[in-house]
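Number of protein chains: 2
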Amino acid sequence: MELKIKYLDIQETQDIVFLNVKDAIKERIDPGEKIIVKKSDSSYSSSAVLTKNLIPEGFIGIPLEKSKHYNHLENEVVEVLPDVNMELIHISKKKIDGKILTNEEVRKFVGGIISGNIDSVVISSFLTTTQILGTSTKEVEYLTRAMAETGTMIRFDKGPIMDVHSIGGVPGNKTALLTIPIVASAGLYIPKTSSRAITSPAGTADVVEVISPIDFPPEKLKEIVKTTGGCLAWSGVLNLTPADEKIVEVERKLHIDPEPIILASVLSKKYAMGAEFLLIDMPMGEGTKVNTWENARKLASNFTELGSALGMHVEVAVTYGGQPIGNAVGPALEAREALMALERKQSGSLTEKAIGLAAILLELGKKADVGKGKAMARDILESGKALEKFREIIAAQGGQSDIKPEEIPLGKFKETILSEDSGYITKVDNATIVKVAKILGAPFDKGAGLLLNYKVGDRVEKDDIIVELYAESKERLLSAKRFLDYNRIFQTEGMILKRFPGFKVI
Amino acid sequence: MELKIKYLDIQETQDIVFLNVKDAIKERIDPGEKIIVKKSDSSYSSSAVLTKNLIPEGFIGIPLEKSKHYNHLENEVVEVLPDVNMELIHISKKKIDGKILTNEEVRKFVGGIISGNIDSVVISSFLTTTQILGTSTKEVEYLTRAMAETGTMIRFDKGPIMDVHSIGGVPGNKTALLTIPIVASAGLYIPKTSSRAITSPAGTADVVEVISPIDFPPEKLKEIVKTTGGCLAWSGVLNLTPADEKIVEVERKLHIDPEPIILASVLSKKYAMGAEFLLIDMPMGEGTKVNTWENARKLASNFTELGSALGMHVEVAVTYGGQPIGNAVGPALEAREALMALERKQSGSLTEKAIGLAAILLELGKKADVGKGKAMARDILESGKALEKFREIIAAQGGQSDIKPEEIPLGKFKETILSEDSGYITKVDNATIVKVAKILGAPFDKGAGLLLNYKVGDRVEKDDIIVELYAESKERLLSAKRFLDYNRIFQTEGMILKRFPGFKVI
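Which chain is which? The protein sequence lines are A and B, in order.
Numbering follows our numbering, in which position 224 of the first sequence is assigned residue number 250; successive positions increment by one, without gaps.
Numbering follows our numbering, in which position 498 of the second sequence is assigned residue number 524; successive positions increment by one, without gaps.
In short, the hints are calculated from the structure, not lab data.
Watch out, some of these pointers could steer you wrong.
Repeated chains share a single entry, so a pair holds when one copy, or any two copies, can fit it.
Keeping only pairs whose Cα atoms sit at most 30 Å apart, straight-line, the calculated DSSO-like set for lysine-lysine is [what the hints assert, rightly or not]:
(1) K164 with K440
(2) K60 with K461
(3) K438 with K32
(4) K507 with K438
(5) K164 with K279
(6) K507 with K60
(7) K119 with K272
(8) K315 with K453
(9) K315 with K488
(10) K461 with K52
(11) K440 with K52
Construct the entire structure; sequences and hints are all you get.
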């Protein structure tokens, strides 16, 4: 309802505005009810006092002080709406009471998160309830759609649209830098967007950023994909799912990550990008998000089911997450390793994983017959077509498309760690690697990170160089080295695993 | 650990400070771990970088920019502590996982609420979890003690200490203004503290404030009680349970009120005041907090059990809450009514309820034999001793001890509501009364409120004055009157209960 402003020369101790009773009845506003007064540049909530004579129909009476505060002019038109806050609170309470939310309720709630009508305290309550009680399949679908549809939606005029996403938890997972160009080389659209590191030492976006810009407005991104078939972009600036950002902010404070929110968060971004075939890379192993087959199977079927409700074919590949992918951890080191793999100067787990994932995408996209995807992916990589496509994508993104791996600058300060024992490596500790990489400065210092010279099953001799550390500051380097005096990345048979120093050492 | 500041001329992009590795090991601080740097006037959290040579033992290296920001002087001593935030988060997560918290964990959590180390988002998560999963008896006990012991604790050198508390939900409940002087007249200590209205049109503190100051520091309050045996004070300024205030703030945003928190909130304040015998007034009826005998019994036994764990004798009186106590609702109207009852110029539900509650307290305090409390309470009231004691308490509080009921100023603007029907009143609607009183301006406008001329069972004739409205502003008065055109306080047999006006009316 639009009303004209009338100044009221009254002392105001409470937050009130005055409406004519006829206008109030039209909008079903009860006396004392909270309403929103909206101008183009401001909006606030006040209690409605209803009056028959003091304010004529079509006007809203605003106390003088408040009028001044909000720069209201007399007879200026403002919009008056019932305050939906209470409605949003009722939605949160309904969830606490264990009831199932309707599509409309979920949409209103997500809208409230974005508009700021929902306080972070209420988001926290919603997340906690979701963590404890879970959600129905339908609720997750509503949530996913609402999160996508309240942000940027990108649609391409050619299909099918492929995509790949890793749920994370394994260090050094720079696989997308190989997978995307392989798939795009085959003539499929694969507009890959990814996030920066949240708790890891390097997200795909952090790695690509070493050699290329990663943030593009939607039109520019569409152009890159139209030209090259793929992209390696950051999702941040696209504003794909603005609600998700506010949710993640609260999740970080609570240190919880409810599964329905993981599902909605991942698939809403892919739905917003118009993905039709999505491959989820689900690393399994100690320290990753799934550590048993039962958990993996359950999460996979939840992803597939939700995808299908959204009209998206979602396939899940459970991958080995017991040790890093490849040997490098940290943005610049990982960019260098990926480029070497594209140049066929290096092979191993990185190449194998990228080929495995690309193969599934080629088969889903009907570019290869079932069972033939791997051979096709390997051929694209080994023929140099993937490297060529990678350079093409980086060029389209405005990056250093001709850079050689050895030209990528690493941390100025370097240290080596020697093996204290001889033996076969039985375990590589992901958590220690992540901690060391972060002490070294990753992901913020691009050149910081570590290079593992050995992996599980390798034979190592005493005094072999097992790890190389890189940092942008000497202090960080020494700090990491000191940490490794008391914590081990590698375990060999029979060795001491960790020392707990007493109070008087050194 | 106390360390001296050393400036470090380094660029800082992340939030880091530098410690000597020996100091770090002494305090078991790992590299990268969050620590708190504390000065008398500031404190902040940073990640620890450990160094062997750059910073000597006994020093902390702080980047120059940060030093400037916090006004650090070189060689100034600061305190360095591990950041307990993560520990507090773990406590909240443990609760989400359905595990029982230890006494130490609850105390740390409450400490974190008070120190501000716990974000309101985490308090929200804790409250939501409590609402959904409940708490063990032991946890509520820990919580109650922790809430009391982190605030002001008041102890008297004479006993027994009596107290009475209403859990609310019934309008016009000014009973304490009679009960307290009756009990104090009998020679018992009854240091009554109460809150202002939260959602009601008048809390006991709001009513007493009409004729007397209500906020006293602990020493002054003790003196009032020592002189008169009682008091009618506001709990706010005493700072009895500072954690409760922060909890209530979040509860209001969430519009939830988990039972374990109600228990802890009520009993922690009474425990802080040293109460040995506490009577809980539990109004039962539509719109109150308990509406069935089963709920009443359960809540009562939880109060009693928790009281006993705290060494407090807690008795619960379920009282009639189906309509207001007495006839007045709103601070000044209620103060006037209570004073009239003390002057024996009025009798009825207010007098009867006050005598009933006082009787139990007299028996618990061994001033009357079991079964004789009522006669004694009535005698104290009718002899004028209660009035005398009331005036004595108000005088000790520095209030208008000689004021007559008719001298208490009511709202300048007055309206009467006439009955539209004839018949017997079958229901008085508490919720409508509360809404009307708040539209009229209660509890903020002291003179605002309403006077009911009839109660359930009374015979009313068409055009009888059934309600008198009082307000400090004409607009509020008209607004309330308009509201009563469409909503009824009284129901008589056969009448229309509410009208929903269409879009085109008046």
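Evaluation of the provided hints:
no. : hint           : verdict
1   : K164 with K440 : neither (52 Å within a copy, 54 Å between copies)
2   : K60 with K461  : between (50 Å within a copy, 13 Å between copies)
3   : K438 with K32  : between (67 Å within a copy, 25 Å between copies)
4   : K507 with K438 : within (15 Å within a copy, 78 Å between copies)
5   : K164 with K279 : both (27 Å within a copy, 27 Å between copies)
6   : K507 with K60  : between (60 Å within a copy, 19 Å between copies)
7   : K119 with K272 : both (20 Å within a copy, 20 Å between copies)
8   : K315 with K453 : within (18 Å within a copy, 59 Å between copies)
9   : K315 with K488 : neither (34 Å within a copy, 72 Å between copies)
10  : K461 with K52  : between (62 Å within a copy, 21 Å between copies)
11  : K440 with K52  : between (73 Å within a copy, 28 Å between copies)
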